[in-house]
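**Student:** Chain by chain, the residues run as shown.
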Amino acid sequence: MSSGRKNAAPTTGAAVSVGRLDKVFDTKGGTVHALQGIDVEVAAGEFVSLIGPSGCGKSTLLRIIADLEQPTGGTVTVFGKDARRARLDQDYGIAFQQSGLLGWRTIAANIELPLELHGVGARDRHARSAELLDLVGLTEFADRFPDQLSGGMQQRVAIARSLAERPNLLLMDEPFGALDEMTRERMQTELVRICAETGAAVVFVTHSIPEAAFLSDRVVVMSPRPGRIQRVVDVDVDLGPAHERTDALREDRRFFGAVTAIREALHAGSASAGTPDGAQRITGPTGPDDRHDRLTEPA
Amino acid sequence: MSERAAATRVAARSADPSVTLVPPPRPAGRRGRARMALMGVLGVLATAVLWELYKVVVPDDGVLMAGVRVLPRTSDIAMPHTWEMVARLFEPVTRAAGADPLWLAILSAAGFSLGIAAIGWVIGVVVGLALALLMQRFSLAESGVLPWVVLSQTVPLIALAPLVRNWGSKLQVGPISWENWMSVAVIASYLAFFPVAVGALRGLQSPDAIHTDLLRSYAASWRQTMVRLRLPASVPYLLPALRLAAANAVIGTVVAEVSIGLKGGIGRMILEFAQSAGGDPPKSWGPIFGAVLLGLLAAGSVALLGVGLRRYRRGEELA
Ligand SMILES: Nc1ncnc2c1ncn2[C@@H]1O[C@H](COP(=O)(O)OP(=O)(O)O)[C@@H](O)[C@H]1O
Ligand SMILES: [Mg+2]
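So the sequence lines, in the order shown, correspond to chains A and B. Residue 1 is where the first sequence starts when you use this note's numbering, and the numbers rise one by one after that. Residue 1 is where the second sequence starts when you use this note's numbering, and the numbers rise one by one after that.
Excised from the complex, chain A in its bound form (with noise of 0.2 angstroms):
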């Protein structure tokens, strides 16, 4: 009784908290080192952007948190338990810049693919499917095989396979990354109404700083080499709650100062990368700490 008391009570708090995080990778060419000293905490039901240049390890934290990945140093949790915990839980669902359908099997047979390993019964995973079908658009394709579909539809059975275990969490790398422009701006407003549905949290990776913009509560802006947070954007205090937006912010004059404001967080991390004293000038959320280490790290 009480050990179920104690696994519910974090599902209010956090749904995912890092601290202090490191990951170094070692290679054959010498080490890498791709995340130093991160923190971020996401609340429950919140969305959470991580933007930045390539290679500052949007990726890899994202996998971290998904236990794909080890962290070399720091800690991870998701809902207070720790990420292998919450992994073997289901208590994400996951989606990449490619679809990474099944082949052989058929739109619905992909989306139940995560029940079936899951031991959930055939009449179940069925009704599951259907309405996970009916959420994204694509019931009349439930027969159809992936390669009968276009990249966009592809990349929403996807989504729907990541929420066919009721995730509290979603985890996204980039999904709309290899669609249309026109495409990609549809996915974002259906993902903005899936959140609203689902209520589940969701640490989104994106290169795209609209795309930020139109879906975060808060944007993470990342810097390279090695990847630590430059700056934290709180985009929700002007557009308001992430899951209430609709197409027409698209077009308002406060969407165009978020834009802006995570333009300049961007560029002001690519400037420190170049110059040391670019650093010195840039205040974000870190504690001072922090802002000493990066201080007294060669450039």
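No lab work stands behind these hints, which were simulated from the structure alone. Note that beta-carbon positions come from the ideal geometry of N, C-alpha and C, so glycine has one too. Each hint should be verified, as a subset may be incorrect.
Said to hold, decoys possible - Under 8 angstroms between C-beta atoms, here's a sample of chain B residues computed to sit facing chain A: (1) A46; (2) S206; (3) I210; (4) L214; (5) R216; (6) S217; (7) Q224.
As the list claims (entries may be wrong) - Every beta carbon over 12 angstroms from chain B, so not counted as near; a handful from chain A, in silico: (8) A43; (9) T106; (10) A164; (11) E165; (12) H267.
Chain B with the ligands: place on chain A using the hints.
**Tutor:** Quick look at chain B with the ligands alone, frame taken from chain A:
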């Protein structure tokens, strides 16, 4: 209603630019198959025509250059007419009364060999798959076993046959004692397991990182990953390997029948008829056709298997 109209209707209903209905891949049509059969028949006819043409053009004693025969003899003993070879099939095997027609004798010999080759193939496939699974599971096994698997195929069959026979003759399990046909099956399986082990290993390792990551995120066990991901993904690699294994099993059977001295099969028949070719040249070609038929049957059975596994070969370019 036409398919296009249906597609437009679906697209209109979802009113989404990303909804573009890609037509399903055309299944290998009946017309395509008929064409392939026609090409096969034409190929056989063309070979027969070439054969006869060669007989007409090149003199009976072949062509000699500086005392070396560079083109083979075309006499009716060396190269009987195609129609004589076919006609011979319908005459009795020997002049003895009540002898079977040649084609029947060849068919029964081919059937005998096919049975042994099939047993060898099955053993080879099981061993090959087991080795591939072992190598996939433990990378240490891959670096330790794979070189031996490759090396095993460099042992000449002729050296292997007497060894297998000797080892086998020392085996006796209760009332069952080792027989020569078992040695032949073992040698056939020895040739068959190799392509399966190598092809299956490549297939089992073929899934992309994104797929293995996904299954790991689902906390799938090694067995679940094997059954849901690796085995299905290996099918496009496995089928050509199985076909090669079938061809190897047939060759292994025919050659091993000769070197072990097993009677009743097509290999032995080729040897016997060739030794008595002097008086009856077209007869010795019969079992050779039988061996070709054997290979076709073996390859055809694997092709049937491929039809059954169609679902796992979507997007594969059919050769
Ligand atoms: N498995 C790996 N082995 C070695 N280096 C890696 C590995 N994964 C990522 N890296 C390195 O870590 C850094 C961060 O990579 P990544 O997280 O993919 O960046 P991003 O997603 O922001 O583009 C890069 O320099 C990359 O080369
Ligand atoms: Mg990345």
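**Student:** Determine for every hint whether it applies to the structure shown.
**Tutor:** Quick rundown of the hints versus the structure:
1. For A46(B), the interface hint is violated, since its Cβ never comes within 8 angstroms of a Cβ in chain A; the closest pair sits about 38 angstroms apart.
2. Contact between S206(B) and chain A, as hinted, is not supported at the beta carbon level, the nearest pair being about 12 angstroms apart and thus beyond 8 angstroms.
3. Here the hint on I210(B) is kept, as its CB sits about 4 angstroms from the closest CB of chain A, short of 8 angstroms.
4. A least Cβ separation of about 5 angstroms between L214(B) and chain A falls short of the 8 angstroms threshold, and the interface hint therefore holds.
5. Look at R216(B): its Cβ gets to within about 6 angstroms of chain A, closer than 8 angstroms, so that hint holds up.
6. Hint on S217(B) holds. Least Cβ distance to chain A is approximately 5 angstroms, under the 8 angstroms limit.
7. Taking 8 angstroms as the C-beta cut-off, the interface hint given for Q224(B) holds, the closest approach to chain A being about 6 angstroms.
8. Non-interface status of A43(A) relative to chain B is upheld: no Cβ of that chain comes within 12 angstroms, the nearest being about 22 angstroms off.
9. Listed as a non-interface residue, T106(A) fails to keep its Cβ farther than 12 angstroms from every Cβ of chain B; the least gap is roughly 10 angstroms.
10. Its closest Cβ contact with chain B, about 9 angstroms, brings A164(A) to no more than 12 angstroms, contrary to its assignment away from the interface.
11. Its beta-carbon lying about 9 angstroms from the closest one in chain B, E165(A) breaks the requirement of being farther than 12 angstroms from that chain.
12. Annotated as non-interface, H267(A) keeps its C-beta farther than 12 angstroms from every C-beta of chain B; the closest such distance is 32 angstroms.
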